[in-house]
Amino acid sequence: DTGVSQNPRHKITKRGQNVTFRCDPISEHNRLYWYRQTLGQGPEFLTYFQNEAQLEKSRLLSDRFSAERPKGSFSTLEIQRTEQGDSAMYLCASSVGLIPYGYTFGSGTRLTVV
Amino acid sequence: AQKVTQAQTEISVVEKEDVTLDCVYETRDTTYYLFWYKQPPSGELVFLIRRNSFDEQNEISGRYSWNFQKSTSSFNFTITASQVVDSAVYFCALSEIDSWGKLQFGAGTQVVVTP
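Which chain is which? The protein sequence lines are D and S, in order.
The first sequence begins at 7 in the numbering used here and counts up one residue at a time.
The second sequence begins at 55 in the numbering used here and counts up one residue at a time.
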C-alpha cells in the first residue's frame, strides 16, 4: 500500500466520550500533518510532526486534543471529552523533505458527536 | 487573515463547457508553493498540481490548465470541455517556506457539471 491510511473511516460518539484516530503515512515520508475540515470549508491545519517530534500546534488544537507519533511512524490524534463542535472530518497527510513534495492526504476520519 | 481566497462558492456548467476557478493568495515570502486539490463526493483530497513561486510557466495536463501570475497573486485553474466526473469541490492552497510545509487552504469552489 503506497497511500496514507486512516482509521476508522467513520466514528460516532456521544458527547463527553474520548476518541482516538490513527494515521499511517507513506513509509518514507518523515513529515506528518493533521487537518480538520468542517462542512463547506477548506481543511484547517491542526498540528505537524517531523519524525517523532511535534513541531507546531495550531491555536485550533485545544487542551482536549493531543497527538503523538511514537518512533516517527504512525500517528494518533486523541480528543478527550468530545463536544458537538468537534464533529468534522479529520485528515492526515504526509510528505518528505524540506519542501512539500509528494504531499499526500488520507481519506480522513469523519467524526460525529451526538 | 485569510491567505487564500476563492471567491467563487459554486459554479454550474453544462457538460463540454469550459470552467475557470479563481484563486488569489497573499504572502510576504518570496519562496512559496501553490497547490490545487480536488475533493469528490467520496471526500478524499486528490492532488492536482504543485507550483513553486519561481516557476511562472503555465501548465497544461490533459483537460486541465493552470495560469500562475505573480503580479496579481493569482493561480487560476481551467477545466476544458468539462465532464460530469469533474463535479467536485476544488481547493487552492498555499505553503510558505517558513511554515514547515503546512498548507493553508481556500474555502473551495463547488463545480457542478450537468449532462
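Simulated from the structure, these hints should not be mistaken for lab results.
Here the structure is a predicted model, which means the values were calculated and not measured.
Just so it is clear, CB atoms sit at the ideal spot from N, CA and C, and this is done for glycine as well.
A few of these clues could be false.
Far from chain S, by Cβ distances over 12 Å, these chain D residues were calculated [unchecked claim]:
{"hint": "1", "residue": "ARG37"}
{"hint": "2", "residue": "PHE51"}
{"hint": "3", "residue": "GLU74"}
{"hint": "4", "residue": "PHE80"}
Below, simulated DSBU-like cross-link-like pairs (lysine-lysine); rule was C-alpha separation at most 35 Å, straight line [claimed, not checked]:
{"hint": "5", "chain 1": "S", "residue 1": "LYS124", "chain 2": "S", "residue 2": "LYS92"}
{"hint": "6", "chain 1": "D", "residue 1": "LYS77", "chain 2": "D", "residue 2": "LYS63"}
{"hint": "7", "chain 1": "S", "residue 1": "LYS70", "chain 2": "D", "residue 2": "LYS63"}
{"hint": "8", "chain 1": "S", "residue 1": "LYS92", "chain 2": "D", "residue 2": "LYS17"}
{"hint": "9", "chain 1": "S", "residue 1": "LYS92", "chain 2": "D", "residue 2": "LYS20"}
{"hint": "10", "chain 1": "S", "residue 1": "LYS57", "chain 2": "S", "residue 2": "LYS124"}
{"hint": "11", "chain 1": "D", "residue 1": "LYS20", "chain 2": "D", "residue 2": "LYS63"}
{"hint": "12", "chain 1": "D", "residue 1": "LYS77", "chain 2": "D", "residue 2": "LYS20"}
{"hint": "13", "chain 1": "D", "residue 1": "LYS77", "chain 2": "S", "residue 2": "LYS92"}
{"hint": "14", "chain 1": "D", "residue 1": "LYS63", "chain 2": "D", "residue 2": "LYS17"}
{"hint": "15", "chain 1": "D", "residue 1": "LYS77", "chain 2": "S", "residue 2": "LYS57"}
{"hint": "16", "chain 1": "S", "residue 1": "LYS57", "chain 2": "D", "residue 2": "LYS17"}
{"hint": "17", "chain 1": "S", "residue 1": "LYS92", "chain 2": "D", "residue 2": "LYS63"}
Reference listing, derived: stretches of chain D covered by chain S, where coverage requires no fewer than 3 residues with Cβ under 8 Å from a Cβ of chain S [claimed, not checked]:
{"hint": "18", "stretch": "24-31"}
{"hint": "19", "stretch": "41-50"}
{"hint": "20", "stretch": "91-102"}
Status of the hints after comparison with the structure:
Not every beta carbon of chain S lies more than 12 Å from that of ARG37 of chain D, the smallest distance being close to 6 Å; the non-interface claim is violated. With a least beta-carbon separation of about 5 Å from chain S, PHE51 of chain D fails to lie farther than 12 Å from that chain, contradicting its non-interface assignment. The claim that GLU74 of chain D lies off the interface holds: its Cβ sits roughly 18 Å from the closest Cβ of chain S, which is beyond the 12 Å cut-off. For PHE80 of chain D, the shortest C-beta to C-beta distance to chain S comes to about 19 Å, beyond the 12 Å cut-off, and the non-interface label holds.
A hinted pair counts as satisfied when its Cα atoms are at most 35 Å apart, and LYS124 of chain S with LYS92 of chain S qualifies at roughly 23 Å. For the suggested pair LYS77 of chain D and LYS63 of chain D, the alpha carbons sit about 19 Å apart, so the restraint of at most 35 Å is met. Proximity of LYS70 of chain S to LYS63 of chain D is assessed by CA-CA distance (about 44 Å); at most 35 Å being required, the pair is judged violated. Our distance criterion of 35 Å between C-alpha atoms is met by LYS92 of chain S and LYS17 of chain D, whose separation comes to about 24 Å.
At roughly 32 Å between alpha-carbon atoms, LYS92 of chain S and LYS20 of chain D fall within 35 Å of each other, so this suggested pair holds. Annotation: proposed proximity of LYS57 of chain S to LYS124 of chain S holds, straight-line Cα distance about 15 Å (limit 35 Å). For the given pair, LYS20 of chain D sits about 26 Å from LYS63 of chain D by alpha-carbon distance, which is consistent with the 35 Å threshold. Our distance criterion of 35 Å between C-alpha atoms is met by LYS77 of chain D and LYS20 of chain D, whose separation comes to about 31 Å.
With a C-alpha separation of about 32 Å, the suggested pairing of LYS77 of chain D with LYS92 of chain S holds against the 35 Å cut-off. Taking the CA atoms of LYS63 of chain D and LYS17 of chain D, the gap is about 23 Å. The hint holds against a cut of 35 Å. Proposed proximity of LYS77 of chain D and LYS57 of chain S is supported: the alpha carbons are some 34 Å apart, at most 35 Å. This hinted pair checks out: LYS57 of chain S and LYS17 of chain D have alpha carbons roughly 31 Å apart, not beyond 35 Å.
The suggested pairing of LYS92 of chain S with LYS63 of chain D holds, with an alpha-carbon distance near 26 Å, which does not exceed 35 Å. Coverage of the stretch 24-31 of chain D by chain S is violated [criterion: at least 3 residues with CB-CB distance below 8 Å; count 0]. By the rule of at least three residues with a Cβ nearer than 8 Å to a Cβ of chain S, the coverage given for the stretch 41-50 of chain D holds, with 6 such residues. Check on the stretch 91-102 of chain D: 4 of its residues sit with their Cβ under 8 Å from a Cβ of chain S, so the three-residue criterion for coverage holds.
Of the hints listed earlier, those the structure fails to meet are numbers 1, 2, 7 and 18, in rising order.
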